[in-house]
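**Q** Residue-level listing of the chains:
Protein chains: 2
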Amino acid sequence: MASTATTLKGQPLDRNVLDAMLRRRMFYTPSFEIYGGVSGLYDYGPPGCALQQGVVDAWRKHFILEEDMLEVDCSVLTPHEVLKTSGHVDKFADSMCKDPKNGEIFRADHFIEEILENRLKGDKQARGEAVAAKEEDPKKKKKVKGAAVAIKLDDAVVREYEEVLAKIDNYNTKELGGLIQRFDLKNPATGVQPLPPVDFNLMFQTSIGPSSNLPGYLRPETAQGQFLNFSKLLEFNQQQMPFASASIGRSYRNEISPRSGLLRVREFLMAEIEHFVDPDGGKKHPRFDQVKDIELVLLNKETQLSGKTDVQKVTIGQAVANGTVDNETLGYFLARIHLFLKKIGVDQSKIRFRQHMANEMAHYAADCWDAELLTSFGWVECVGCADRSAYDLSVHAKKTGASLIVRERLPEPIKVTEWEVDLERKKFGPHFKKDGRVVEAALFATTQSKREELAKALDADGALTIDVPGVGDGKVSVPKELIKIEQRTRTENTREFTPNVIEPSFGIGRILYALMEHCYWTRASDGGDEARGVLSFPPTVAPTKVLIVPLSNNDAFRPFCYELSQKLRKVGISNRIDDSSASIGKRYSRNDELGTPLGITIDFQTVQDKTITLRDRDSTSQVRADEDKVIAAIRAIVDGDKTWQDVESELPAFLGQETEVAVR
Amino acid sequence: MASTATTLKGQPLDRNVLDAMLRRRMFYTPSFEIYGGVSGLYDYGPPGCALQQGVVDAWRKHFILEEDMLEVDCSVLTPHEVLKTSGHVDKFADSMCKDPKNGEIFRADHFIEEILENRLKGDKQARGEAVAAKEEDPKKKKKVKGAAVAIKLDDAVVREYEEVLAKIDNYNTKELGGLIQRFDLKNPATGVQPLPPVDFNLMFQTSIGPSSNLPGYLRPETAQGQFLNFSKLLEFNQQQMPFASASIGRSYRNEISPRSGLLRVREFLMAEIEHFVDPDGGKKHPRFDQVKDIELVLLNKETQLSGKTDVQKVTIGQAVANGTVDNETLGYFLARIHLFLKKIGVDQSKIRFRQHMANEMAHYAADCWDAELLTSFGWVECVGCADRSAYDLSVHAKKTGASLIVRERLPEPIKVTEWEVDLERKKFGPHFKKDGRVVEAALFATTQSKREELAKALDADGALTIDVPGVGDGKVSVPKELIKIEQRTRTENTREFTPNVIEPSFGIGRILYALMEHCYWTRASDGGDEARGVLSFPPTVAPTKVLIVPLSNNDAFRPFCYELSQKLRKVGISNRIDDSSASIGKRYSRNDELGTPLGITIDFQTVQDKTITLRDRDSTSQVRADEDKVIAAIRAIVDGDKTWQDVESELPAFLGQETEVAVR
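Chains A and B, in that order, are what the protein sequence lines are.
All residue numbers for the first sequence refer to this note's numbering, where the first residue is 1 and numbers rise by one.
All residue numbers for the second sequence refer to this note's numbering, where the first residue is 1 and numbers rise by one.
Be aware that one or more of the hints could be misleading.
The list makes no distinction among identical chains, and a pair is therefore deemed to hold if it is satisfied within one copy or across any two copies.
With a cut-off of at most 27 Å between alpha-carbon atoms, the simulated BS3-like pairs for lysine-lysine come out as follows [what the hints assert, rightly or not]:
{"no.": "1", "residue 1": "Lys-570", "residue 2": "Lys-61"}
{"no.": "2", "residue 1": "Lys-567", "residue 2": "Lys-342"}
{"no.": "3", "residue 1": "Lys-570", "residue 2": "Lys-342"}
{"no.": "4", "residue 1": "Lys-9", "residue 2": "Lys-292"}
{"no.": "5", "residue 1": "Lys-586", "residue 2": "Lys-292"}
{"no.": "6", "residue 1": "Lys-567", "residue 2": "Lys-292"}
None of these hints come from the bench; they were simulated from the model.
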């Protein structure tokens with residue numbers, strides 16, 4: 001793990017320079033900026049929007065199409081009752097604390113992290129050690145403005161702080177309050193300790209309908225809509241299991257104090273899969289074999305709980321075999337997530353999968369791994385992959401009475417042997433009168449072992465005794481004329497079960513931001529001005545595929561540009577003509593910053609023989625051929641069938657001076 | 001205009017049958033149905049989702065790609081101040097009235113329509129006239145449950161009711177209240193008149209941030225985000241005008257009492273274009289010539305105000321020339337909208353463009369036309385095309401001080417001759433002392449003609465007199481030693497203007513619903529059971545392109561199905577294998593209902609010679625050829641390059657009995 005963020009070419013990454021470029025080229029911009037902006041809300045401009053579209057398209061192909069998933073598009077507005085049942089009303093919260101003096105509001109865990117880190121930094125200064133330029137963690141908000149003061153700490157205190165920081169995600173609200181008190185953490189701005197933290201629910205609330213009669217929320221995830229449609233989806237899938245639904249759409253979280261730019265936002269695009277699987281048989285996956293040799297970098301929960309962050313690189317096959325990853329289906333999706341991130345251009349050396357610790361896990365999850373990407377903000381959770389067990393389907397079924405189960409015809413009927421209770425109803429009712437119903441309920445609520453015991457008592461004593469609170473002295477005797485308890489065997493043809501859910505959940509905005517950092521590098525410029533930024537997006541996801549530049553604003557070039565643009569569009573390749581008066585070099589630079597992978601120059605030779613030059617963004621090398629050959633090469637590159645190296649080996653190189661100067 | 005809704009083949013359309021089919025095939029489903037549902041909220045299931053995706057893709061190609069529009073993706077959460085400035089907080093409302101007895105809430109215009117129509121129906125019954133099975137209007141909610149009572153009305157009253165109904169969209173809240181009183185309209189359920197209507201704001205409210213400090217709304221349209229980014233978009237477009245931005249995303253309207261299924265919903269997908277144009281020079285459009293001969297069906301505002309609904313069919317060139325449509329840019333987009341609707345499969349005989357009447361128009365619009373599609377609910381507004389003038393950019397610029405203008409270099413400098421005011425500041429200040437600033441402001445606020453008058457007075461009297469309320473007696477004399485007013489000529493190289501906005505705004509959900517009705521028809525079945533539904537979506541937008549069916553569940557067919565499916569997927573063609581045990585006929589029927597345009601059968605001959613049959617959904621005719629030829633034919637059909645007729649003329653027909661029986 002590098003101690004500072006780097007570009008694609010290993011150069012030190014200056015986030016301010018990159019950020020200025022991304023804003024200048026309108027990849028993104030703060031929403032409502034002319035009104036002063038609202039923290040945690042951003043708009044995507046044309047290149048950001050196209051990049052997002054490219055990533056979403058790739059996602060849809062990689063997951064929905066390749067795996068025949070059932071895509072649904074559900075409402076964002078969600079009534080209170082649904083999210084009450086799912087647990088979000090009660091548990092979807094962050095710990096928030098308030099400075100009683102100036103009213104400032106902090107996320108409690110971020111507040112603690114910030115102050116302890118400052119103290120550790122001060123300790124290092126006091127000890128005369130170099131303070132490494134550590135990556136910032138996006139979870140640390142820089143809200144707490146205090147600078148480190150050089151004070152040496154006891155070795156034991158240093159160790160304690162470090163351990164607290166390593167498992168900061170594992171504390172609940174009360175424990176966080178305890179840490180603030182124990183370490184006497186104060187807001188540097190006011191010198192006072194914040195009030196004890198309270199839970200702040202992260203859902204945006206609204207009311208649906210004209211008379212404010214139906215309270216509702218903006219969904220915090222797309223998952224609930226998929227669960228509520230489970231029965232219809234199973235029916236649509238002609239009752240076949242396993243299957244997965246998927247959804248791409250916005251979700252909302254009212255973050256307490258969002259900073260960190262695009263990484264912590266209040267409105268975001270998610271792509272979520274709910275894979276429904278039979279919990280019996282170890283959650284095997286039929287295609288696991290296809291991915292079992294893929295190597296992943298894993299950071300498990302035991303390592304973190306021991307206060308460390310050491311990773312292991314293993315194949316997913318091994319990780320499932322040795323129990324690090326719970327089951328094949330979870331493992332299959334971890335591998336598929338890895339392949340997806342690779343496909344869209346994420347740096348392979350900057351991915352790790354981190355397992356959640358117990359308290360950190362969402363309230364519904366049985367096991368959970370995050371795909372984290374390394375950025376200048378540190379390791380950032382970009383994809384979560386949780387085993388939600390049968391939690392959601394069970395709670396919704398219980399609340400609504402809907403049948404959210406699978407009925408499976410057994411390959412061959414099975415015999416079930418059980419103790420059964422029969423009442424002699426004609427005598428039972430008159431005997432117990434008004435207590436009849438509760439006594440009956442108590443009898444039928446008995447377990448198999450209890451029934452066996454009761455049957456023996458009936459045999460031996462001619463009556464059984466059962467606990468029925470509220471009836472007489474709480475012990476009720478039932479004579480054998482009123483009841484039979486027998487062991488019987490019956491044949492069953494079907495089996496019913498509530499599927500478990502494996503949920504890979506993608507934060508598209510975070511992936512986009514990490515991708516922009518991972519694809520960014522700078523190229524030394526010719527003229528001695530500052531280094532030029534390049535975004536080396538893979539052609540499949542690049543916002544615009546081709547830049548068309550006429551050599552000059554000579555009228556002769558115009559029809560060629562226009563015609564070529566139309567031809568490319570016809571075959572579905574996005575392109576832009578830049579016929580501005582800037583030099584060719586400047587125009588190519590602009591498009592390097594926009595991440596356009598290919599450039600075509602129309603020059604005087606084009607007018608004579610209709611050949612054009614094609615330039616590769618990353619190497620700046622060029623080939624020259626006739627239009628049809630160049631278009632075919634572009635298609636092959638954009639479809640991912642060929643690389644620039646392939647094209648370079650097939651078409652003649654172009655070294656002509658007129659563009660040579662410009663692109664060096 | 002037909003008096004009853006019809007299918008694609010002119011059969012009477014039974015909406016209940018269609019609706020049951022759309023739900024059974026999970027095109028859509030009420031959101032949260034297992035919780036009882038929430039009116040106005042729906043989910044799209046897999047085919048609805050894919051159809052939506054197809055229409056959105058077509059839209060993106062037709063508008064954004066073909067016209068080089070700048071796509072942006074902006075926040076849905078919008079702070080109060082932005083929507084206060086845009087006018088939505090004050091004016092984005094419907095009239096709502098409440099029954100004082102049972103608390104029922106109505107949309108006032110719908111309430112009036114419903115009751116007046118019932119009275120007219122009762123009149124017809126009393127007169128012994130046939131009551132036509134009129135299409136319902138989606139605006140009429142059927143909330144008012146009262147049935148028609150056979151009471152004859154005066155002829156004059158009948159005429160008055162009919163006129164009111166024709167211009168119902170043109171009344172404001174007060175006028176609607178007046179109608180309820182004048183006609184003594186009572187809620188049939190209680191027999192009492194509702195309370196006077198009040199305005200109900202249609203925006204969903206929420207608050208942003210942890211301390212409820214920032215009130216906000218869910219956007220009612222995507223437009224505001226585009227306007228606020230105007231300067232950045234102009235910069236991105238390298239200062240070139242005209243240009244358009246575009247956005248595809250959800251918007252929200254808290255409808256008072258939504259019924260009419262997918263047509264009136266509280267959460268919906270919009271696709272909006274904001275085309276920024278210089279208001280000078282008549283809003284010409286450079287590509288208007290390309291569309292001028294396209295014929296549109298128009299219903300203008302004068303016709304409606306006279307209580308009629310007669311349409312005219314004219315070319316858009318004529319309509320702009322004779323002033324029916326205000327300008328070329330508006331006309332250009334009306335034609336482009338028409339072409340888009342045609343492309344995705346909307347029935348050409350069921351489109352009209354209706355102009356808004358004055359009161360009906362959104363608060364910002366200068367002129368507005370709706371593309372309306374005829375459905376079983378009557379004519380439904382699916383696309384609005386408004387000229388919003390400079391309204392939005394002006395109000396946001398005024399509120400924020402941001403510069404939302406275009407600075408254009410003039411082709412040649414122009415000379416501007418104006419009266420200018422110069423003060424002799426050294427004397428002016430001491431002369432007026434504390435009143436100096438207001439007197440100065442009054443002098444500079446003068447118009448050109450006033451200045452000319454003042455200059456003459458100075459010349460003639462050696463002093464001028466000007467009104468300055470609050471200074472002395474309100475008349476101030478300025479002697480000529482303190483001021484000069486002269487006519488001067490200067491040269492200007494640039495011109496500044498606030499662009500006007502033409503806004504085509506698409507309700508994707510409504511278009512989808514109309515499309516489903518327009519593409520629907522029924523086919524007589526062989527076996528004597530009821531007619532089978534077919535959805536003849538064009539291949540480009542159809543949810544799934546190809547169904548693959550093995551003749552039986554013989555194991556020999558499985559590898560062929562799988563391999564073919566993979567090959568099609570590789571070239572981007574969505575497909576599904578149906579290897580269920582149902583008969584081939586049943587399987588094809590299911591996919592006719594899903595709108596799958598093409599079907600492939602794998603049979604015993606496939607195993608021998610690798611040929612496959614390709615079936616056309618609409619004609620049920622089939623061809624047989626080897627896999628490569630069939631895949632090429634499918635690609636050509638899906639890309640819109642060939643029709644089934646082309647393919648049928650190129651590949652050998654297949655009349656083999658085994659599928660023949662099934663598909664008749």
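**Q** Run every hint past the structure and note whether it holds.
**A** A quick look at each hint next to the structure:
1. When the C-alpha separation of Lys-570 and Lys-61 is checked against a cutoff of 27 Å, the pair qualifies both within a copy, at 21 Å, and between copies, at 10 Å.
2. With identical chains, the CA atoms of Lys-567 and Lys-342 are at most 27 Å apart between copies only, with a shortest distance of 23 Å across copies and 31 Å within one.
3. Within a single copy, Lys-570 and Lys-342 get their C-alpha atoms only as close as 29 Å, which misses the 27 Å cut-off; across copies the closest is 19 Å, which meets it.
4. For the identical chains of this complex, Lys-9 and Lys-292 are neighbours neither inside a copy (30 Å) nor across copies (54 Å), given an alpha-carbon limit of 27 Å.
5. Taking the shortest alpha-carbon separations for Lys-586 and Lys-292, neither the intra-copy value of 47 Å nor the inter-copy value of 39 Å comes in at or below 27 Å.
6. When the C-alpha separation of Lys-567 and Lys-292 is checked against a cutoff of 27 Å, the pair qualifies only between copies, where the shortest distance is 24 Å, while the shortest distance within a copy is 43 Å.
The structure fails hints 4, 5 (numbered hints given earlier, in ascending order).
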